[in-house]
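**Q** So the protein lines, in turn, are chains A and B.
Heads up, the first sequence is in this note's numbering, so the first residue is 1 and it goes up one at a time.
Heads up, the second sequence is in this note's numbering, so the first residue is 1 and it goes up one at a time.
Calculated directly from the structure, the hints in this document are not laboratory data.
One or more hints might be untrue.
Stated by the list, open to error - To give a feel for the contact side, a few chain A residues facing chain B, derived at Cβ under 10 Å:
hint	residue
1	A115
2	F121
3	I134
4	K175
5	I184
6	Y194
Just so you know, even glycine gets a beta-carbon here, dropped at the ideal spot from N, CA and C.
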Amino acid sequence: MTPPVLKYDVLVSKPLVEEIMSRSGQNLQSCYQCRRCAAGCPVGEETGVTPDRLIRMILVGDREAALNNLLVWKCVACYTCGTRCPNNIQTARINETLKQMSKEAHCKPLTPRIADFHNAFMTTTRHLGRFNEIESMAIYETKTLFKELAKGNLKAMFEEMMSQGKLGAAMTKKKRMHFDFDRIKNRSEVKALYKKSKGR
Amino acid sequence: MEIAYYPGCSLHASSELYDIQCKLVFGKLGLELKEIEDWNCCGATAASKTNEFLSIALPARNLGIADATGLSEIVIPCSSCYSRTLVSQKKLASDAALKASINAELGQKVQGTVKVSSILEVLRPKVISGEIAGKAVKKLTGLKPACYYGCLLTRFPIDIEVPDSVENPQGMEIVCKALGAEPIDWNYKTDCCGASAAYNDAEQSQLLMSRIFKDATARGANCIVTTCPLCQMNVDAYQDEVGGKYGIDKRLPVYFITELIGISMGIDAVVMQVDRHFVDAIGLLKELKLI
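Modelling step: build the complete structure from the supplied sequences, incorporating the hints.
**A** Take a look at the structure:
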């Protein structure tokens with residue numbers, strides 16, 4: 001007899017499935033693996049994990065794989081999978097939930113740049129009430145460059161500086177770069193919302 | 001007639017030209033854009049990826065401000081801002097506890113009365129009524145745009161009724177045809193450009209953009225037209241790099257829909273800052289004798 005490929009224990013899978021279903025609002029159990037989501041996923045080829053595979057991972061209770069796979073990080077939130085799903089499962093919402101859960105579980109982001117970008121975006125918005133391209137890029141680039149420096153990866157640092165510098169120069173030349181700091185008056189209201197989000 | 005207006009952060013920074021064009025074009029159509037006071041960032045994709053509460057609460061503050069103006073409709077040209085604001089409004093309509101929790105922090109409470117519209121939802125009736133054609137002083141003959149919608153105009157993370165076809169929207173084509181342009185039929189109109197992945201996952205984003213450029217050029221488009229400042233920035237600023245990497249020789253100017261309408265109305269191209277594109281956008285207009 002061939003040994004079972006998959007170890008499945010409902011006591012392990014149930015709490016994971018329930019948590020993700022309740023937080024994402026998506027009924028994963030209605031997935032019948034038709035793979036229309038996989039056919040439309042623009043990053044599926046590169047991530048190796050398509051939405052149908054991710055749903056399967058969760059249903060079998062593989063928390064480790066669900067919290068640490070490239071789809072969760074590289075998902076561009078285009079919502080193609082959910083729009084085409086015959087059972088109305090929005091996997092982009094599941095990815096959002098998994099990303100938040102992976103942060104709570106202190107998992108190392110598989111693509112630190114994407115995590116740093118979103119964090120820099122949210123930091124700037126808390127600070128000014130509006131997204132500021134320059135402040136946000138400064139926070140993001142500092143983090144990215146320091147991480148490469150810590151790894152001793154000078155080539156990556158150089159490439160990063162060249163590519164972002166090229167964009168910055170082109171934007172400045174086309175007068176698309178704005179050096180003023182647009183901020184709102186009632187920043188305390190925005191900060192109160194941030195504070196409330198922490199206590200939830 | 002007055003209509004509430006949420007420009008969003010892009011239109012106050014790298015896509016300021018779109019802000020200028022919206023005001024000019026809508027003004028000619030008899031719509032005065034009333035920018036809502038002290039609006040904040042909608043949180044865009046970053047909030048929805050990192051903080052569920054803020055992804056609803058940040059646009060909610062703007063909705064409260066818009067409701068308080070007493071105006072019946074708010075137009076949001078940026079697809080991301082439009083999507084996040086509409087999602088927030090729909091979510092709060094069905095979640096009283098969340099609405100109360102957010103409203104407790106707000107001076108101007110969300111009532112949920114204002115209609116949230118994309119730029120195409122405002123323009124489309126103006127095509128049907130003949131007002132757009134009526135204001136046109138020249139036909140955009142020879143212009144063959146690939147109408148590029150991107151993701152967020154027709155696909156939402158929650159159930160929302162879309163005022164256009166989800167897989168093959170026509171809103172932009174209808175506007176272009178009314179101006180005398182000949183929009184092409186193509187496959188990648190609702191595909192993703194990668195948005196912020198252009199900065200934080202460049203290879204992935206450039207692969208997605210290469211597919212857009214390949215199809216648009218293969219099908220004979222001589223320009224791309226879009227309504228989203230994030231799509232515009234990506235497919236314009238990275239076109240040269242992506243084209244070089246993926247062996248695509250032709251470069252296509254990437255217009256905002258407001259630029260095409262403005263040109264047809266005879267608004268000066270430099271006043272609209274059409275010269276601030278990365279791929280030259282003036283040359284084609286001159287070549288076709290549109291300016």
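**Q** Could you run down the list of hints and mark each one as holding or not?
**A** Hints, verified against the model:
{"no.": "1", "hint": "A115", "result": "8 Å, holds"}
{"no.": "2", "hint": "F121", "result": "4 Å, holds"}
{"no.": "3", "hint": "I134", "result": "9 Å, holds"}
{"no.": "4", "hint": "K175", "result": "6 Å, holds"}
{"no.": "5", "hint": "I184", "result": "5 Å, holds"}
{"no.": "6", "hint": "Y194", "result": "7 Å, holds"}
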